[in-house]
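Protein chains: 2
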Amino acid sequence: MSTALQEHLPYSPSADRDDFTYIEELRQLHPSDIAERLENERFPAQRIVEILLRLGNRIAIETFQQLTMGTQRSCLETANTKIMLQFIENMEPDDRVDLLKKIDEDIWEAMMPLIAQAERNRICRLWKYKEGTAGSVMTTEYAYLPGDITVRTALERLRLQAPNKETIYYVYITDAQRQLLGMISLRDLIMSRPHAVLSEIMQTSLISVPHDMDVETVARNISKYDFLALPVVDPENRLLGIITVDDVIDIIRAENTEDFQLISAVVPFEEQYFKRPLGKLFWNRFLWLAILLFTSILSVSVMEWHADALHQMFALAFFIPMVTGTCGNAGTQSATMVVRGLALGEIVPKDFLRVFYRELLMGLALGCALGIMAYFRVVLQDHNLMLGCIVASALLATLLTANLTGALIPLVLKKIGLDPALTAGPFIATVIDAVGITIYFQIALFLMEFFH
Amino acid sequence: MSTALQEHLPYSPSADRDDFTYIEELRQLHPSDIAERLENERFPAQRIVEILLRLGNRIAIETFQQLTMGTQRSCLETANTKIMLQFIENMEPDDRVDLLKKIDEDIWEAMMPLIAQAERNRICRLWKYKEGTAGSVMTTEYAYLPGDITVRTALERLRLQAPNKETIYYVYITDAQRQLLGMISLRDLIMSRPHAVLSEIMQTSLISVPHDMDVETVARNISKYDFLALPVVDPENRLLGIITVDDVIDIIRAENTEDFQLISAVVPFEEQYFKRPLGKLFWNRFLWLAILLFTSILSVSVMEWHADALHQMFALAFFIPMVTGTCGNAGTQSATMVVRGLALGEIVPKDFLRVFYRELLMGLALGCALGIMAYFRVVLQDHNLMLGCIVASALLATLLTANLTGALIPLVLKKIGLDPALTAGPFIATVIDAVGITIYFQIALFLMEFFH
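Note that the protein sequences, when read in sequence, are chains A and B.
Just so you know, we're using our numbering here: the first sequence kicks off at 1 and counts up by one.
Just so you know, we're using our numbering here: the second sequence kicks off at 1 and counts up by one.
Hints are computed from structural coordinates only; laboratory data are not their basis.
Be a bit skeptical, because a hint or two may be false.
Unchecked claim - To give an idea of the interface, some chain B residues facing chain A are shown, with a C-beta separation under 10 Å as derived from the structure:
| no. | residue |
| --- | --- |
| 1 | 285 |
| 2 | 289 |
| 3 | 290 |
| 4 | 296 |
| 5 | 304 |
| 6 | 325 |
| 7 | 328 |
| 8 | 335 |
| 9 | 338 |
| 10 | 344 |
| 11 | 374 |
| 12 | 399 |
Unchecked claim - Chain A side only, calculated, beta carbon under 7 Å to chain B, not exhaustive:
| no. | residue |
| --- | --- |
| 13 | 273 |
| 14 | 289 |
| 15 | 321 |
| 16 | 370 |
| 17 | 430 |
As the list claims (entries may be wrong) - Mimicking DSSO-like on lysine-lysine, the simulated pairs with C-alpha atoms at most 27 Å apart in a straight line are:
| no. | chain 1 | residue 1 | chain 2 | residue 2 |
| --- | --- | --- | --- | --- |
| 18 | B | 224 | A | 101 |
| 19 | B | 275 | A | 415 |
| 20 | B | 280 | A | 350 |
| 21 | A | 275 | B | 350 |
| 22 | B | 224 | A | 130 |
These figures come from a predicted structure and were not determined experimentally.
In this text, a Cβ means the ideal position worked out from N, Cα and C, and glycines have one as well.
Next up, chain A with everything else stripped away, as it sits in the complex:
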């Protein structure tokens, strides 16, 4: 196959000495580093394909796998389909399907007939799994053996399987119907007597995940048990594929990035910061900011409704940013902690009452402590006892509300199947603003009437 790739190398007499040195320099690097360099140089796709071909077969194939999906896609869409076919055929099956799902239908249709029937079937099988499920991130290149062979035979067979498997460190024992019977690690295999039979030494109490389990839960499982891979099965316990630990790291990173984007009110996107075009990034940010601006109009209206109270005690206006800011911060704190707890599996929706109780106490404690501080700020500098009482008690009441809202809304969202990270941060802060200002003025009106 090495020749097959080299054939397509465009003959370029102009390729000078420098270019040759550059390629040689790249060749010394790890494929991940080559990919990173090619991405950072922002070469056009045509040039990337050219460099890949000149790197030689094995390096080219590995480097292509490490490119970002955006770059892979532009390579596919610009270069000759036949050239690209070889990259496609050698990709890991799960990454390949993700990529094929993103490219233009024309290219995809031109390419499919060229792919070997067996591979095509494999692509179709993986295609049907919904994004974000175990099935969509698993690889079908796992090592498997029957249970009735000896360790010696097993090692011999593994030697033959190894080149095409993503990992051979975990070997799955299946029957003729691909039913998952057990697992044995390569470590146990080489430590066992050569004549032992696999079915006698394999682990039978093994943890597998259904193909429709969401990837976050899969990631949690693999890191909880310190596995290198986790088998994915269908409802009949037939082995469909495995999810390897390196994919899990990528999943954890992607999930965390999404959570960070959500809690800072950015519509999630997958590219790196500098890779996201400014125009698109504008919409990722503008959409939420516009929603939040409309929400904050609520605060404006609340203030307009209470214009009378403001006229009565002009200084009330000065403390609004302080009250709403502090409560927004407390709400963000509790929301982020609960969102993170949910993501790590430390909190589940049925903990509602426990969370409620904790955050009620916490809100009271924080509200009192901060209320007292605010009281002294007002009294010592403005010498207005009533204003001090208003600010302090408003701070307590709104902080309690903010704290509970922040903690409980993510639980409710999770319960009804939405992403809890949606609520944390700006959105809660903005809603709390309007509620907080209302509470503030109600307390002010009540106390002003009471004192007079």
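Starting from the structure of chain A, add chain B where the hints point.
Just chain B now, with coordinates in the frame of chain A:
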């Protein structure tokens, strides 16, 4: 050693049938699940140790390793030192040192003389590495072989080494001075001819990390290259230990949790949400809220200084929460994106100008779009053209400031060696509030003078 542990099993004639069933039930589970159960039941430490001992040696040792450090610590501090010694001796070296660093000095001093000399030396070696560096998370239980032996001999030696090594999937080739010469994976080993010599088939261009590299960078490397382990070396390239992929997952999780806590202005803590005592959690939250409350007093003062302007145009007060809120949100967006980009290595401090340029454009675009929306809100509902101009231009100016501040402060912090996540979220929002209100009033005063 099985008997050694069993000896200490307290004789409890009262332990009824139920307890027996409970232990048997636990025994069926994976050690990670047993640990989770024991944690969730919130047993006292004494009871946990009792259950562990009754689970039998191997399971007990593995389960103990999976307990949280807090629980491990209370077990050590309540149970007999001699009993606990066996758990300590069987822990992974890196986890063990972390734990020993946290327990009372008395217990530590009582335990040390009981530990075998070789283990004690190993503990002392690991002890000196600073927390957060590669040295502090590496394990010294790696598999290593000399380069001049054949594959067949290597496999035989690995069989002997295997029980005491954290992983044998990567085998490091060292010389007599432990100088790192190369690496070979078990996969390559079993696929090679039995008579091949290791030094001829090993990978020599391998990636290692210095012992003082920070764990975040290590985690990034291991996930970039999809390794199962990464060797840690001293300045003379002597192999000190390895960092395995399962530890890396834990590091990534911990780092992300810390970032989430920092950006929501919570002083970072390690326990799970429900495990953190309320009293301590109060201080984790109160400290930041108090700092932010003091910062927000700035906003109050700014408003007090501009009381005249407010008297001139009372309606100005109504729009303050909208302007400050929107700018706070934009600042949070850009800060979180940059913080995340820094954590993933997508952005480095020397990208300052590129980030500045991007966020300048983005701030202008967002400011104009949102300013126009705000203008129409004011004009359509309040029929006050001048107020509309004030609000819109203040929104543009403050949003631009907020966006740039949010994006650039994390870069500066990173440059001077602080955690960039410190700035994101509430802190920036609160500082921006005061700046925003100042800009708002300055624009208001200027426009009011201009129109009259």
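Evaluated hints:
1. 285: Where the cut-off is 10 Å and the nearest Cβ of chain A is about 5 Å from residue 285(B), the hint holds.
2. 289: Hint holds; residue 289(B) Cβ to chain A Cβ min 6 Å, cut 10 Å.
3. 290: Constraint on residue 290(B) satisfied, holds at 7 Å.
4. 296: 4 Å, holds
5. 304: 6 Å, holds
6. 325: This interface hint holds because 5 Å falls under the 10 Å limit.
7. 328: At about 8 Å, which falls below the 10 Å cut-off, the nearest Cβ of chain A leaves the hint on residue 328(B) intact, so it holds.
8. 335: 7 Å, holds
9. 338: 7 Å, holds
10. 344: 7 Å, holds
11. 374: 7 Å, holds
12. 399: 9 Å, holds
13. 273: 4 Å, holds
14. 289: 6 Å, holds
15. 321: With a minimum Cβ separation of about 4 Å from chain B (threshold 7 Å), the hint on residue 321(A) holds.
16. 370: 6 Å, holds
17. 430: 6 Å, holds
18. 224(B) <-> 101(A): 24 Å, holds
19. 275(B) <-> 415(A): 22 Å, holds
20. 280(B) <-> 350(A): 24 Å, holds
21. 275(A) <-> 350(B): 17 Å, holds
22. 224(B) <-> 130(A): 26 Å, holds
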